[in-house]
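J.: Chains as they are written, first to last, in the numbering used here: chain A, 1 to 188; chain B, 189 to 366.
Honestly, the hints are just simulated from the structure, not real lab data.
Treat the numbers as computed from the prediction; the structure is a model and nothing was measured.
Here a beta-carbon is modelled for each residue, glycine too, at the ideal position from N, C-alpha and C.
Among the clues, some could well be false.
[Stated by the list, open to error] In silico contact screen, one side only, chain A against chain B (beta carbon under 8 Å); selected entries:
| # | residue |
| --- | --- |
| 1 | Phe23 |
| 2 | Tyr42 |
| 3 | Ile128 |
| 4 | Ala156 |
| 5 | Ser158 |
Spelled out from the first residue to the last, the chains are:
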Amino acid sequence: MSATDISTLKGVFATRVLGSVEFRGEHTITVELSALREVLEYCKNSLGYDFLLDISSLDHFGDHPRFEMVYELATVDDSKHLRVKAAVGEEQSVASVVDLWLAADWHEREVYDMMGITIDGHPNMKRILMWEGYPFFPLRKDFPLAGRPSDMPDVAFSGVAPLEGGPFVTSCGTDDVVKREPRAQDQH
Amino acid sequence: METTDLLETHAAYDSKIEGNIIFTRVDAAMNWMRKNSLWPMPMGLACCAIELMATASSRFDISRFGMEVMRFSPRQSDVMIVAGTVTYKMALAVKRVWDQMPEPKWCIAMGACASSGGMYRSYAVLQGIDKLIPVDVYISGCPPRPEALIEGLMKLQRKIEGTHAMQEQKKEFFEDMA
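All chains, full assembly: derive it from the sequences and hints.
T.: Here it is in structure tokens:
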């Protein structure tokens, strides 16, 4: 089970495991960036996590290190799940796990595209959602939802979306849902 | 008014008197031909494309209007129906396709996203295809029902009825004659 896996990992990697959390059956382990690749290899080869569900990244703007990588691992028969997290600084790069799980290919490209975290050893490291040459990383905390203007002639351009205090431009009226949308049975 | 002028001259037809000959203006005849065989170029980008397909199928038949010919080649179509969210990444491709359509051409912005960016006020979505190409009819809805799309197409037909086709196409000819 995942709980025993966490103990195993702590035994094998000792001080390079920075902590673990268990919340309502979900097990998370936080490791040092330098150990991340080895931990993931160990999870796949020795602990049997052969299904990569997701790779995601977080931007803790203002904290050092700024970013965090999150790997959701599982087994194909869904018997156990594990979350592996590692903090990444702005100048640091993460080793690719494409050779372990092929699913990592597009997930890592999305992490690079949206957050700007460099990933080493990826066979096709280019932007996946935005276009090649787009100058910003949209999901960082210091990038506004409305976007910033950019122009690459013949490729694409981007503008600023009108938000007017948004992101939801239509105003809701009152704050209280009950007053805003009264039910028929409440009418006298 | 010029619009009703064209309609009335076209309507003057009595088969007992004229037989198989209709007297009309060139403008009225050309507009009638154009509006009754508008071949759409479906720029189906997102969910509105499903409603566009539904409009083309048997329940909400646009074949009644002569528009079932969805030519996916811009060279062979008259009206581009932009159905769906236009992202900045796709925007220049839409413009390129629009530029390849020969005159006379019209554009319909179907749905909220094509009209104004819809609910996607973000860094990746073009806030309305009218920022790139001239739109003739905007259809609101998310997605608009097939009946709404048909009403939009009928509005476009009314717009075509009122155009001075001959004068717009043969501008130099008329200027020489004058």
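J.: Determine for every hint whether it applies to the structure shown.
T.: Okay, the hints, checked on the actual structure:
no.	hint	result
1	Phe23	31 Å, violated
2	Tyr42	38 Å, violated
3	Ile128	11 Å, violated
4	Ala156	5 Å, holds
5	Ser158	5 Å, holds
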